[in-house]
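Engineer: Given the coordinates of chain V, assemble chain Z onto it according to the supplied hints.
Below are the chains, spelled out letter by letter.
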Amino acid sequence: MATMEIRSASKNYGTIRVLDDINLDIGDGEFIVLVGPSGCGKSTLLRMIAGLEEITGGEIRIDDKVMNALPPKARDIAMVFQSYALYPHMSVADNMSYSLRLRKTDKPTIAEKVGAASAKLGLDALLERKPKALSGGQRQRVAMGRAIVRQPKAFLFDEPLSNLDARLREHMRAEIRKLHRELGATSIYVTHDQVEAMTLADRIVAMHGGHIQQVGTPLELYDRPANLFVAGFIGSPGMNFLKGDIADRSLHLRDGRTVALPAEMPATMGEATLGIRPEHVVLSPAGEAGLETTVDLVEPTGHGIILHLTLAGTVFKVLTHDRRWLEPGSSVGVSFPAEALHLFNAEGVRV
Amino acid sequence: MTATRLFGTLAHRAAILCFIAFALFPLYWLLKVSVTPNDLLYSEGVRMWPSRTTLDHFRFVLANSEFPRFFANSLIVSGTTALISTALAALMGYALSRFQFRGKLWLAGLLLVTQMFPLVMLVAPIFKILSPLGLTNSLTGLVIVYTAFNVPFASFLMQGFFDGIPSDLEQAAMIDGADRFTAFRHIILPLALPGVAATLGFVFTAAWSEMIFALMLISGSEKATFPVGLLTFVSKFSVDYGQMMAAGVLALIPACLFFLLIQRYLVQGMTAGAVKG
Numbered sequence: 001m002a003t004m005e006i007r008s009a010s011k012n013y014g015t016i017r018v019l020d021d022i023n024l025d026i027g028d029g030e031f032i033v034l035v036g037p038s039g040c041g042k043s044t045l046l047r048m049i050a051g052l053e054e055i056t057g058g059e060i061r062i063d064d065k066v067m068n069a070l071p072p073k074a075r076d077i078a079m080v081f082q083s084y085a086l087y088p089h090m091s092v093a094d095n096m097s098y099s100l101r102l103r104k105t106d107k108p109t110i111a112e113k114v115g116a117a118s119a120k121l122g123l124d125a126l127l128e129r130k131p132k133a134l135s136g137g138q139r140q141r142v143a144m145g146r147a148i149v150r151q152p153k154a155f156l157f158d159e160p161l162s163n164l165d166a167r168l169r170e171h172m173r174a175e176i177r178k179l180h181r182e183l184g185a186t187s188i189y190v191t192h193d194q195v196e197a198m199t200l201a202d203r204i205v206a207m208h209g210g211h212i213q214q215v216g217t218p219l220e221l222y223d224r225p226a227n228l229f230v231a232g233f234i235g236s237p238g239m240n241f242l243k244g245d246i247a248d249r250s251l252h253l254r255d256g257r258t259v260a261l262p263a264e265m266p267a268t269m270g271e272a273t274l275g276i277r278p279e280h281v282v283l284s285p286a287g288e289a290g291l292e293t294t295v296d297l298v299e300p301t302g303h304g305i306i307l308h309l310t311l312a313g314t315v316f317k318v319l320t321h322d323r324r325w326l327e328p329g330s331s332v333g334v335s336f337p338a339e340a341l342h343l344f345n346a347e348g349v350r351v
Numbered sequence: 001m002t003a004t005r006l007f008g009t010l011a012h013r014a015a016i017l018c019f020i021a022f023a024l025f026p027l028y029w030l031l032k033v034s035v036t037p038n039d040l041l042y043s044e045g046v047r048m049w050p051s052r053t054t055l056d057h058f059r060f061v062l063a064n065s066e067f068p069r070f071f072a073n074s075l076i077v078s079g080t081t082a083l084i085s086t087a088l089a090a091l092m093g094y095a096l097s098r099f100q101f102r103g104k105l106w107l108a109g110l111l112l113v114t115q116m117f118p119l120v121m122l123v124a125p126i127f128k129i130l131s132p133l134g135l136t137n138s139l140t141g142l143v144i145v146y147t148a149f150n151v152p153f154a155s156f157l158m159q160g161f162f163d164g165i166p167s168d169l170e171q172a173a174m175i176d177g178a179d180r181f182t183a184f185r186h187i188i189l190p191l192a193l194p195g196v197a198a199t200l201g202f203v204f205t206a207a208w209s210e211m212i213f214a215l216m217l218i219s220g221s222e223k224a225t226f227p228v229g230l231l232t233f234v235s236k237f238s239v240d241y242g243q244m245m246a247a248g249v250l251a252l253i254p255a256c257l258f259f260l261l262i263q264r265y266l267v268q269g270m271t272a273g274a275v276k277g
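Residue numbers (the UniProt record's numbering), protein chains in the order written: chain V, 1 to 351; chain Z, 1 to 277.
Among the hints, a few may not be true.
[Stated by the list, open to error] Partial selection, computed: residues in chain Z whose CB lies under 7 angstroms from chain V:
#	residue
1	169
2	175
3	177
4	187
[What the hints assert, rightly or not] EDC-like cross-link-like pairs, simulated, lysine to aspartate or glutamate; straight-line CA separation at most 20 angstroms:
#	chain 1	residue 1	chain 2	residue 2
5	V	132	Z	168
6	V	153	V	182
7	V	120	V	94
8	V	120	V	175
9	V	130	Z	168
10	V	153	Z	179
To be clear, the hints were calculated from the coordinates, so they are not data collected in a lab. Each residue gets a CB set at the ideal place from its N, CA and C atoms; glycine is no exception.
Chain V extracted, bound-state conformation:
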């Protein structure tokens, strides 16, 4: 149980700045997901919180205590690694009890705590096995068990599910969420998978290029992305962007066509980008309404169909449940409901 504050934290590797002016407040019991493409600095930030990386500038506090110079063991946090990092020469039970043994916990307490954790994770039958005799999912569970067994102040997860196959990942995702509800511990979870971020997080921290781009609940990031990066990163398939100039309350596309803008958007502002999510685009038969274009590619996913169109020279995706436009080459009209439009200025910031 802990609160965390990160104040203007930065990290340099030599002369290269990988994290710059990171500010973040994390409430007690909150589930925070750091999400971004690889190289955005999310894992580095997590490792700075863990004490595995030095902090170049700024401050990290846990429960109002400055952590900057403290070694990992003094921070009372647990971490689940992407590689699981199970101790190969120890049995599952020994892996889970290692932290307790280091703290000279007495044997009955250890047995009780390991028992409780293994029951919670369904590891009872595996306690005597060595890690190499476990499947990927089981190893992942042991790594979780090792983290929860000593009831730390906070849990850190470094892409814990990326080595599992899709089905198992979905299953473990739900289990992590359930575990968090039961334990209520402050958690910070790093992933590059925006679906994981959306489904797990109380709040998402979207990162790019060593900077925080936006902090908010999953739906805030989905509904009101702060900039082009967040808009493109959250959601699958990603948001469509149409570039052009705004004049006379409409967006003038590069191909000369126009998209009318709703009243609350600025009437004139020069260069701008209009965003619309594939699932919000409305399709109609060619010539009836909207901008006319042709279907280039059809990707049926089962629960929907992703159509690839070309609009103003760029790929434009539409997610539909209507099976009328299954034929590549067929003509369709696309129109955009006013409430689903996102407008970004020339710098890529939401208007």
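Structural biologist: Quick look at chain Z alone, frame taken from chain V:
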């Protein structure tokens, strides 16, 4: 199984067998001479096995020669050198594998440089250094010299083994509540046991068979190690091959025992299952 595959397997096995025979033949000859009675040694010509065998040479070497003392000296020097070198090399190898520090490249370079010189070049200066310290004609002096010469290579050897152990493991231990050295002892060292065993074996055999320094730094038979002691079987007028070979066979025993002891650690694969896979 098809005929070609059968032939391939046979050829493969035969090639291995040829190689083993080639490698082991000198050892066989050593054993053969050591059990050949003196009167047959020159009279029977070249034979694979003498018509009559004897253990007299072994009896003589063990009872009447100074060989047991040489043997004990060698055991002390090689054992101590192996232990000290491996301990130092483990620490050094770990540092080279895990830490970034100023002058690391230079240090590694210097370690390599020490391996470039032929040992003979260094005998005189080392004698000059050791003699005022009273470390000539002393087993301690030999241990120091052997350790100094073995640590660089042993460090690189250990570094390689540590490089093969994911650093996630000790980071996990440090988050679990260990400091770095505890993590090293509890997690990394047990996983590096194959490496430790290989290094021990390497240094032990290097020290066991070292001749130049033992010959130059030790005078008299009191402190002689067995490679030097073997020379006592060469007298002005004759070479007692039978006894020399018997001593040689006895000298092989500890090296063999040592490898028998550590061979199960030489088997790799201890880290399987640590990380994904």
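Engineer: Decide, hint by hint, whether the structure agrees.
Structural biologist: Hints versus structure:
no.: 1; hint: 169; verdict: holds (5 angstroms)
no.: 2; hint: 175; verdict: holds (5 angstroms)
no.: 3; hint: 177; verdict: holds (4 angstroms)
no.: 4; hint: 187; verdict: holds (6 angstroms)
no.: 5; hint: V:132 x Z:168; verdict: holds (16 angstroms)
no.: 6; hint: V:153 x V:182; verdict: holds (15 angstroms)
no.: 7; hint: V:120 x V:94; verdict: holds (17 angstroms)
no.: 8; hint: V:120 x V:175; verdict: holds (10 angstroms)
no.: 9; hint: V:130 x Z:168; verdict: holds (18 angstroms)
no.: 10; hint: V:153 x Z:179; verdict: holds (19 angstroms)
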